[in-house]
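Novice: Take these sequences, add in the hints, and give me the full structure.
Protein chains in written order, with my numbering: chain X, 1 to 163; chain C, 1 to 351.
Heads up, some of the hints might be wrong.
Stated by the list, open to error - What follows is a set of in silico ranges between Cβ atoms, one per label pair, in the way DEER data are often shown:
| no. | chain 1 | residue 1 | chain 2 | residue 2 | range |
| --- | --- | --- | --- | --- | --- |
| 1 | C | Ser141 | X | Arg135 | 27 to 35 Å |
| 2 | C | Ser141 | X | Gln104 | 21 to 29 Å |
| 3 | X | Gln140 | C | Lys65 | 24 to 32 Å |
| 4 | X | Arg136 | C | Asn188 | 53 to 61 Å |
| 5 | C | Arg280 | X | Asn110 | 39 to 47 Å |
| 6 | C | Arg9 | X | Gln97 | 46 to 54 Å |
| 7 | C | Glu241 | X | Gln104 | 22 to 30 Å |
As the list claims (entries may be wrong) - The calculated lysine-lysine pairs, modelled on DSSO-like cross-linking and capped at a C-alpha distance of 30 Å, are:
| no. | chain 1 | residue 1 | chain 2 | residue 2 |
| --- | --- | --- | --- | --- |
| 8 | C | Lys192 | X | Lys9 |
| 9 | C | Lys2 | C | Lys48 |
| 10 | C | Lys309 | C | Lys68 |
| 11 | C | Lys68 | C | Lys43 |
| 12 | C | Lys268 | C | Lys346 |
| 13 | C | Lys192 | X | Lys8 |
Rather than coming from a laboratory, the hints here were simulated on the basis of the structure.
Keep in mind the model is a prediction, meaning the values are calculated, not measured.
Ideal Cβ placement from N, Cα and C applies to all residues, glycine included.
Below, each chain spelled out in residue letters.
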Amino acid sequence: MSQCQRCKKAVATVHLTDVTKTGNRTRDLCDRCAHEEGYAAKAPPVQINEILSNFVLQAPQIQELAALTCPHCQMTFAEFRNGGLLGCPHDYEIFEQALLPLMQRAQDGNSRHSGKSPRRTDAPRDFQIELVRLRRNLEQAVEREDYEAAARLRDQIDSIETR
Amino acid sequence: MKIDELLGRTGEWLRATGPMSDVVISTRVRLARNVSGYPFLTKATSDKRDELADLLKRGIQAAVKEHKWSYFDITRVGELDRQMLVERHLISRQHAEAEGSRGVSVSPDETVALMVNEEDHLRMQSIRCGLQLEQVWEEISGIDDLLEQRFEYAYHPRYGYLTACPTNVGTGMRLSVMLHLPALKLTNEIEKVLRAARDMRLAVRGLFGEGTEATGDFFQLSNQTTLGRPEEDIISDFRSEILPKVLEFEAAARQALVRERPVALDDKIWRSYGILQNARSISSEETLAHLSHLRMGIHLGRFREIDLKTLNELFLMTQPAHLQKQTGNRLSGEDRSVARAGYIRKRLNRE
Ligand SMILES: [Zn+2]
Ligand SMILES: [Zn+2]
Chain X
1 MSQCQRCKKA VATVHLTDVT KTGNRTRDLC DRCAHEEGYA AKAPPVQINE
51 ILSNFVLQAP QIQELAALTC PHCQMTFAEF RNGGLLGCPH DYEIFEQALL
101 PLMQRAQDGN SRHSGKSPRR TDAPRDFQIE LVRLRRNLEQ AVEREDYEAA
151 ARLRDQIDSI ETR
Chain C
1 MKIDELLGRT GEWLRATGPM SDVVISTRVR LARNVSGYPF LTKATSDKRD
51 ELADLLKRGI QAAVKEHKWS YFDITRVGEL DRQMLVERHL ISRQHAEAEG
101 SRGVSVSPDE TVALMVNEED HLRMQSIRCG LQLEQVWEEI SGIDDLLEQR
151 FEYAYHPRYG YLTACPTNVG TGMRLSVMLH LPALKLTNEI EKVLRAARDM
201 RLAVRGLFGE GTEATGDFFQ LSNQTTLGRP EEDIISDFRS EILPKVLEFE
251 AAARQALVRE RPVALDDKIW RSYGILQNAR SISSEETLAH LSHLRMGIHL
301 GRFREIDLKT LNELFLMTQP AHLQKQTGNR LSGEDRSVAR AGYIRKRLNR
351 E
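Specialist: Dropping the structure here:
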């Protein structure tokens, strides 16, 4: 087994022959160095997971953070740490204290959005789409025999349809 | 439109006629958006997921109703057809392989694809041939404006557009250019350029091919940062800093090859042509490596046996799913290599 010629630490797993004017040159590199030099053996590692695992080692109140749970989607911080994906938009606020340093690391030190924003946050809803949603909710309410919710939904549907 | 109708043509991004197309194969921008009031897909029940798919599909169809867009319900698309959509860059591999309600809406010329229920509720992309940074951005931003009137996006005053993964939060924008850098590869300077790209906080990926390996001479550069820099700034980084350098290096390397090693250069090109004309079995990786040499030869004016249009058709049609769709059979790896070699011979030798 040969040693990586670049970092001189890891075992070389990639062996390259470059044909140059002055003759052939062989290079033995480890996976990581080969990747860094552009001879990518694998897709680049998912950056967020690397950041997450580094972060976990450094956070002092890790137990406390891991137990944080979003009341809207039931996502826990521990679960996010394992999967790398959040559960709902509220998580950005629920986990803010833990997320912020992590985002800054992933985002080149930035922590404030700059750029496009929705022009019409108060835009009138598309009623056709609203109707689809309400009808579906109605079906589900009837299915679970929640007649109070069903009545309310039926009123909402009527009010849109008679508009 | 049916998926099979895609087979007879190439998407706009493979026309190879765009600006700087000797080096820039295509420009792509992708925006991630989520609908407020719904969980991200990680925490969406299958009912919620169905509801979202329905909602988004109807919203998209209403927004683009005067155009002839197609909507494909991915759960009803066969495996080979899903793979074909991946090869055409209309959906991600992840989207092809995921489970649960999901879909994609595609514009007639395939420049715009809107993925529904991918990692985010909406992943919208515009892809065009050559260097068309402003064009893809304007196109996708316009569609974003249309959809924004129909959905209330999850948006936070400080963090911008909220995405399932915090690495996409903010603009939710990923701008990529796919580059053909055969001369930098041949002159062993590619590593230098890719390292410089990484120093500019760009992600570098190899492209095409059956596996995940960076195959040959094609590289995709994309921005890593989505928070804190406006879309226009990212675009202008590409326009005025990143691309001029890379294009200049590749051009210099090509000129050096022509000047110092013309025989070696022609040998590469014509050997590749010989192999493609005669091979009886060939992998997609090897095909790509040889097509890359032909492409360079065409752009350097040293190879005129085929035109760019034919070359691009070969790029697309020799990929596994396209190949199998054309032969009409599902083929194992080895049979595929034989079929691929046959297809290429037929095209090149006009058999
Ligand atoms: Zn190494
Ligand atoms: Zn949540």
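Novice: With reference to the structure, classify each hint as holding or not holding.
Specialist: Consistency of the hints with the structure:
1. Between Ser141/C and Arg135/X the beta carbon distance is about 32 Å. The supplied range of 27 to 35 Å therefore holds.
2. Between Ser141/C and Gln104/X the C-beta distance comes to about 27 Å, which sits within the given range of 21 to 29 Å.
3. Evaluation of the 24 to 32 Å hint for Gln140/X and Lys65/C yields a pass: the beta carbon distance comes to about 29 Å.
4. Taking 53 to 61 Å as the suggested C-beta distance range, the pair Arg136/X and Asn188/C conforms, at roughly 60 Å.
5. Restraint check, Arg280/C to Asn110/X: a C-beta distance of roughly 55 Å breaks the suggested window 39 to 47 Å.
6. Checked against the hint of 46 to 54 Å, the pair Arg9/C and Gln97/X passes, with Cβ atoms roughly 52 Å apart.
7. The given range of 22 to 30 Å is respected by Glu241/C and Gln104/X, whose C-beta atoms sit roughly 23 Å from each other.
8. A hinted pair counts as satisfied when its Cα atoms are at most 30 Å apart, and Lys192/C with Lys9/X qualifies at roughly 22 Å.
9. Only pairs whose Cα atoms come within 30 Å are accepted, and Lys2/C paired with Lys48/C is accepted, the gap being roughly 28 Å.
10. Only pairs whose Cα atoms come within 30 Å are accepted, and Lys309/C paired with Lys68/C is accepted, the gap being roughly 25 Å.
11. Distance restraint check for Lys68/C and Lys43/C: the Cα-Cα separation of roughly 33 Å exceeds the 30 Å cut-off, and the hinted pair is therefore not satisfied.
12. A distance of roughly 22 Å separates the Cα atoms of Lys268/C and Lys346/C; the hinted pair therefore holds under the 30 Å criterion.
13. Of the pairs offered as hints, the one joining Lys192/C and Lys8/X holds, with about 20 Å between alpha carbons and a cut-off of 30 Å not exceeded.
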